Amino acid sequence: NAGVTQTPKFRVLKTGQSMTLLCAQDMNHEYMYWYRQDPGMGLRLIHYSVGEGTTAKGEVPDGYNVSRLKKQNFLLGLESAAPSQTSVYFCASSWTARMELFFGEGSRLTVL
Amino acid sequence: AQKITQTQPGMFVQEKEAVTLDCTYDTSDQSYGLFWYKQPSSGEMIFLIYQGSYDEQNATEGRYSLNFQKARKSANLVISASQLGDSAMYFCAMREPGDKIIFGKGTRLHILP
Numbered sequence: 001n002a003g004v005t006q007t008p009k010f011r012v013l014k015t016g017q018s019m020t021l022l023c024a025q026d027m028n029h030e031y032m033y034w035y036r037q038d039p040g041m042g043l044r045l046i047h048y049s050v051g052e053g054t055t056a057k058g059e060v061p062d063g064y065n066v067s068r069l070k071k072q073n074f075l076l077g078l079e080s081a082a083p084s085q086t087s088v089y090f091c092a093s094s095w096t097a098r099m100e101l102f103f104g105e106g107s108r109l110t111v112l
Numbered sequence: 001a002q003k004i005t006q007t008q009p010g011m012f013v014q015e016k017e018a019v020t021l022d023c024t025y026d027t028s029d030q031s032y033g034l035f036w037y038k039q040p041s042s043g044e045m046i047f048l049i050y051q052g053s054y055d056e057q058n059a060t061e062g063r064y065s066l067n068f069q070k071a072r073k074s075a076n077l078v079i080s081a082s083q084l085g086d087s088a089m090y091f092c093a094m095r096e097p098g099d100k101i102i103f104g105k106g107t108r109l110h111i112l113p
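Chains as they are written, first to last, in my numbering: chain A, 1 to 112; chain B, 1 to 113.
Derived by calculation from the structure, the hints in this document are not laboratory data. For clarity, every value in this text was computed on a predicted model and none was experimentally measured. Any given hint could be a false lead.
What the hints assert, rightly or not - Computed footprint of chain B on chain A; a stretch qualifies when at least three of its residues, placed anywhere within it, have a C-beta under 8 Å from a C-beta of chain B:
hint: 1; region: 11-20
hint: 2; region: 24-37
hint: 3; region: 61-69
hint: 4; region: 73-86
As the list claims (entries may be wrong) - Restraint-style ranges between C-beta atoms, simulated for each label pair:
hint: 5; chain 1: A; residue 1: T86; chain 2: B; residue 2: Q14; range: 34 to 40 Å
hint: 6; chain 1: A; residue 1: P39; chain 2: B; residue 2: Y64; range: 31 to 37 Å
hint: 7; chain 1: B; residue 1: T27; chain 2: A; residue 2: K57; range: 29 to 35 Å
hint: 8; chain 1: B; residue 1: H110; chain 2: A; residue 2: M99; range: 15 to 21 Å
hint: 9; chain 1: A; residue 1: D62; chain 2: B; residue 2: K3; range: 27 to 33 Å
hint: 10; chain 1: A; residue 1: D38; chain 2: B; residue 2: E61; range: 15 to 21 Å
Claimed, not checked - If you want the ones that stay clear, here's a sample from chain A, every Cβ over 10 Å from chain B, calculated:
hint: 11; residue: A2
hint: 12; residue: T5
hint: 13; residue: T7
hint: 14; residue: P8
Heads up, the beta-carbon is just placed ideally off N, CA and C, and yes, glycines get one too.
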C-alpha cells in the first residue's frame, strides 16, 4: 500500500529551468494539497484541489502552477525556477478536509 | 497577518512530565477545524488529533488531548506523561472555508531524560 508518493525525491535545478513534481495517491482521496516547508516558516500552502479537475490557490501560489487531470494525481509545476523556490515540498491528501491529511515523504528541490 | 500562531519556538521538558503546546488561531468563520501534526527529525508528518469547531467535547487520542477554548480562539495540545520519542516538531493547523488547510510555524519539543 503506497499511500502518497512524490516524484522525484531530490532535484537540483538551475535558475530559469522548469520542472514538474508529481504527487500520486492510491487511496481514492478527493482532496490534495501542495505545501512547501522552509526553516522557521512551518508549512505554507501553495495550491490545493478538492476534486478531480479543480484547483485553488493557497497562501504562496506565485511562481507555481498545478493540475489535477486525474483524481489520483496532483502535479506541481515550476515554469521558471528561482533560488527562492529552494525548499522541501510536501504533497498531502485526504477524503475530506475534516479528516487527517496523509503526507508524502517530501521532495527536496534546490535551485542554483 | 498570521492565522495560526504558535508562540513557543522551542520547549524543553523533563521525561514523564505533561506538556502543553500553545496554538491560537484567527478566523471569523463559525465552521472550522483544528489539527495537530508531529514531525520527527526523520521528516515525515504524523497526524495526532482533530477538533471541529462544533465539537462540544475536547478531542482526545491516547496521550494526546486538545484543549479547545473557542472564545479565546486557542487549541492547545496536551501530551500527558511525555516520552523521549515525543521529541519532534509540532504543528498546529486550521481548516478554513473552502477546505484550505493552513499551518503554523511549529514548536520544537525536546524531551530530556
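Quick rundown of the hints versus the structure:
Here's how the region 11-20 of chain A fares: 0 of its residues keep a CB closer than 8 Å to some CB of chain B, so the rule of at least three is not met and the hint is violated. Counting residues of the region 24-37 of chain A whose beta carbon lies closer than 8 Å to any beta carbon of chain B gives 3, which meets the minimum of three for the stated coverage. Counting residues of the region 61-69 of chain A whose C-beta sits closer than 8 Å to any C-beta of chain B gives 0, which falls short of three, so the coverage hint is violated. For the region 73-86 of chain A, the proposed coverage by chain B is not satisfied: 0 residues have a C-beta within less than 8 Å of a C-beta in that chain, short of the threshold of three.
The hinted range of 34 to 40 Å is satisfied by T86(A) and Q14(B), whose Cβ atoms lie roughly 37 Å apart. A C-beta distance of roughly 26 Å is found between P39(A) and Y64(B), which places it outside the suggested range of 31 to 37 Å. At roughly 18 Å, the beta-carbon separation of T27(B) and K57(A) lies outside the given 29 to 35 Å, and the hint is violated. Separation of H110(B) from M99(A) is about 30 Å and departs from the stated range, judged on CB atoms against 15 to 21 Å.
Remark: the range hint 27 to 33 Å for D62(A) to K3(B) is contradicted by a beta-carbon distance near 19 Å. The hinted range of 15 to 21 Å is not satisfied by D38(A) and E61(B), whose Cβ atoms lie roughly 29 Å apart. Annotated as non-interface, A2(A) keeps its C-beta farther than 10 Å from every C-beta of chain B; the closest such distance is 14 Å. Its beta-carbon lying about 13 Å from the closest one in chain B, T5(A) satisfies the requirement of being farther than 10 Å from that chain.
Remark: the non-interface label on T7(A) is consistent with the geometry, its nearest Cβ contact in chain B lying 16 Å away (cut-off 10 Å). For P8(A), the shortest C-beta to C-beta distance to chain B comes to about 16 Å, beyond the 10 Å cut-off, and the non-interface label holds.
Violation of the numbered hints given earlier is confined to hints 1, 3, 4, 6, 7, 8, 9, 10; the remaining hints are satisfied by the structure.
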